Amino acid sequence: MKFAYYPGCSLETSGKEYDLSTRAVSKHLGIELTEVPDWSCCGATAGHSTSHLLALALPARNLALTEETGLDVTAPCAACYQRLALACHELKQNPQLREKVNEITGRPFHGKIKVISILEVISSVGLEQIRAQVVKPLKGLKIAAYYGCLLVRPRAIQIDDPENPQIIEQIMQAAGADTVDWSHKTECCGASLAVSNEEVAIPMVSRILKAAALSGANCLVCACPLCHFNLDMRQLKVNRLRGTNYYLPVFYFTQLLGVAMGLNPQDLSLHTHFVDTGQVLKLVG
Amino acid sequence: METIRLNESEDRDFIERVSRESGQAVENCYQCGKCTAGCPVAFAYDLMPHQVMRMVQMGLKEEVLRCQSIWLCASCVTCTARCPRNIDVAMVMDTLRIMARRKGMIPPGRGRNVALFNNNFLRSIQKYGRLFEFATMAMFNLKTGQPFREADTGLTMLRRGKLKLSVTKPRGLEEINRIFEKVRQAEKEV
Numbered sequence: 001m002k003f004a005y006y007p008g009c010s011l012e013t014s015g016k017e018y019d020l021s022t023r024a025v026s027k028h029l030g031i032e033l034t035e036v037p038d039w040s041c042c043g044a045t046a047g048h049s050t051s052h053l054l055a056l057a058l059p060a061r062n063l064a065l066t067e068e069t070g071l072d073v074t075a076p077c078a079a080c081y082q083r084l085a086l087a088c089h090e091l092k093q094n095p096q097l098r099e100k101v102n103e104i105t106g107r108p109f110h111g112k113i114k115v116i117s118i119l120e121v122i123s124s125v126g127l128e129q130i131r132a133q134v135v136k137p138l139k140g141l142k143i144a145a146y147y148g149c150l151l152v153r154p155r156a157i158q159i160d161d162p163e164n165p166q167i168i169e170q171i172m173q174a175a176g177a178d179t180v181d182w183s184h185k186t187e188c189c190g191a192s193l194a195v196s197n198e199e200v201a202i203p204m205v206s207r208i209l210k211a212a213a214l215s216g217a218n219c220l221v222c223a224c225p226l227c228h229f230n231l232d233m234r235q236l237k238v239n240r241l242r243g244t245n246y247y248l249p250v251f252y253f254t255q256l257l258g259v260a261m262g263l264n265p266q267d268l269s270l271h272t273h274f275v276d277t278g279q280v281l282k283l284v285g
Numbered sequence: 001m002e003t004i005r006l007n008e009s010e011d012r013d014f015i016e017r018v019s020r021e022s023g024q025a026v027e028n029c030y031q032c033g034k035c036t037a038g039c040p041v042a043f044a045y046d047l048m049p050h051q052v053m054r055m056v057q058m059g060l061k062e063e064v065l066r067c068q069s070i071w072l073c074a075s076c077v078t079c080t081a082r083c084p085r086n087i088d089v090a091m092v093m094d095t096l097r098i099m100a101r102r103k104g105m106i107p108p109g110r111g112r113n114v115a116l117f118n119n120n121f122l123r124s125i126q127k128y129g130r131l132f133e134f135a136t137m138a139m140f141n142l143k144t145g146q147p148f149r150e151a152d153t154g155l156t157m158l159r160r161g162k163l164k165l166s167v168t169k170p171r172g173l174e175e176i177n178r179i180f181e182k183v184r185q186a187e188k189e190v
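Protein sequences, first through last, are from chains A and B.
Under full-length UniProt numbering, the first residue of the first sequence is numbered 1, with each subsequent residue one higher.
Under full-length UniProt numbering, the first residue of the second sequence is numbered 1, with each subsequent residue one higher.
Worth flagging that the hints you see were computed from the coordinates, not collected in a lab.
You can trust all of the hints, since none of them are fake.
Sample of chain A residues facing chain B (criterion: CB under 7 Å; computed from the structure):
(1) C9
(2) C41
(3) H48
(4) G190
(5) V200
Covered stretches of chain B (in silico footprint by chain A; criterion: 3 or more residues with CB under 8 Å from a CB of chain A, positions within the stretch not fixed):
(6) 37 to 50
(7) 64 to 77
(8) 81 to 91
(9) 112 to 120
(10) 132 to 145
(11) 170 to 180
Heads up, simulated DSS-like pairs for lysine-lysine below, C-alpha to C-alpha not over 27 Å straight-line:
(12) B:K169 / A:K2
(13) B:K188 / A:K100
(14) B:K182 / A:K100
(15) B:K164 / A:K27
(16) B:K34 / A:K210
(17) B:K143 / A:K237
(18) A:K112 / A:K92
Quick caveat: nothing in here was measured; it's all calculated off a predicted structure.
Glycine included, each C-beta is placed from N, C-alpha and C at the ideal position.
Model the full structure from these sequences, guided by the hints.
Listed below in structure tokens is the structure:
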């Protein structure tokens with residue numbers, strides 16, 4: 001299996017755990033990832049909040065660069081995935097708009113490739129195949145799978161049900177973990193407001209942590225660098241500001257998959273989180 | 001909320017513009033309130049999402065474009081996913097934000113920093129091709145008069161190799177710059 005790989009800006013910095021673990025796990029599963037040559041930012045929330053045309057043109061440049069490689073593209077970051085997939089969808093649907101955007105980017109995109117989330121790429125290997133690679137089942141872990149918004153909404157690009165998705169649970173169960181049923185798996189964590197209005201984001205993070213704790217989970221698993229940073233870094237803040245005592249390490253699903261497959265912990269960057277992961281990982285042994 | 005005189009304030013052109021730019025049949029909203037019930041940021045809004053929809057239907061342009069909610073909307077798209085009338089409410093919010101910005105309106109209250117953050121973010125992309133996280137945050141802190149905001153977080157990130165003090169620039173920087181220029185040009189012609 002071969003895919004073009006669009007890391008996105010966060011995976012070079014605040015979300016480096018996701019980049020490292022995605023590359024390590026993919027390699028182990030025989031998925032070949034080739035970085036999109038000369039990729040640039042997808043525009044994220046700032047882009048679509050400012051101009052519809054800009055929100056198409058910034059991803060379109062990357063789609064065109066990918067198309068030159070002849071591969072479908074995968075983006076681990078949920079925000080990048082949503083922006084690339086939505087632009088791809090809209091440009092395929094509307095040839096007139098595509099022409100207009102191509103004129104702006106100066107790089108023709110013909111609508112011949114697909115944008116696929118890394119969750120779909122990894123689950124396409126097959127749950128049986130994943131199970132066969134597990135050398136260290138994730139016993140002791142009770143996972144609250146957290147999807148957030150960008151992977152399951154809007155409908156045109158959703159990878160699973162927008163209210164009760166299951167794809168992370170399936171992969172984590174294949175790796176030997178228990179998963180919990182809980183209420184807040186697709187509730188927004190407010191990451192896009194966290195810098196500009198932290199006092200609005202804090203209650204949003206707090207509600208998610210509360211729901212996860214009530215469900216009996218001992219960790220959270222996500223597939224988005226923005227959710228990760230918000231739930232990991234702000235968990236300590238929530239505790240400080242609201243007098244709570246949450247201890248819920250936040251993992252990328254690729255990190256735990258790597259643990260289950262016996263990969264080197266250094267390659268999974270398990271030691272760079274804000275909420276220490278050591279105690280929970282001891283349960284796995 | 002102040003009294004609104006409908007006979008004086010209905011703006012047909014505004015209703016038509018929002019419908020066209022968002023691609024949504026705003027008249028289809030029957031005020032069930034599902035968007036508001038599911039909105040995770042409603043607790044911080046001045047106008048609830050269903051009120052925004054109703055005010056768009058009534059052509060209350062100034063009132064809608066002057067609210068904080070259009071800026072605080074986190075674009076989580078829950079409203080859209082649950083709308084029984086198939087209206088992309090999140091797209092309407094996006095459209096209103098874009099219109100307010102185009103009109104040069106200064107976002108009120110908490111909206112101000114959202115707009116500031118977005119502008120800084122896009123400036124980074126235009127300048128470097130990718131988001132330079134460190135510089136964007138530092139600039140945001142300076143412009144909001146809180147130079148040491150998140151300084152301890154930044155230090156922890158630096159120690160753990162999660163903060164880069166430089167950015168990898170794509171070779172196609174001129175291309176990206178041209179995209180911004182051409183979008184600006186194309187939007188002036190509308």
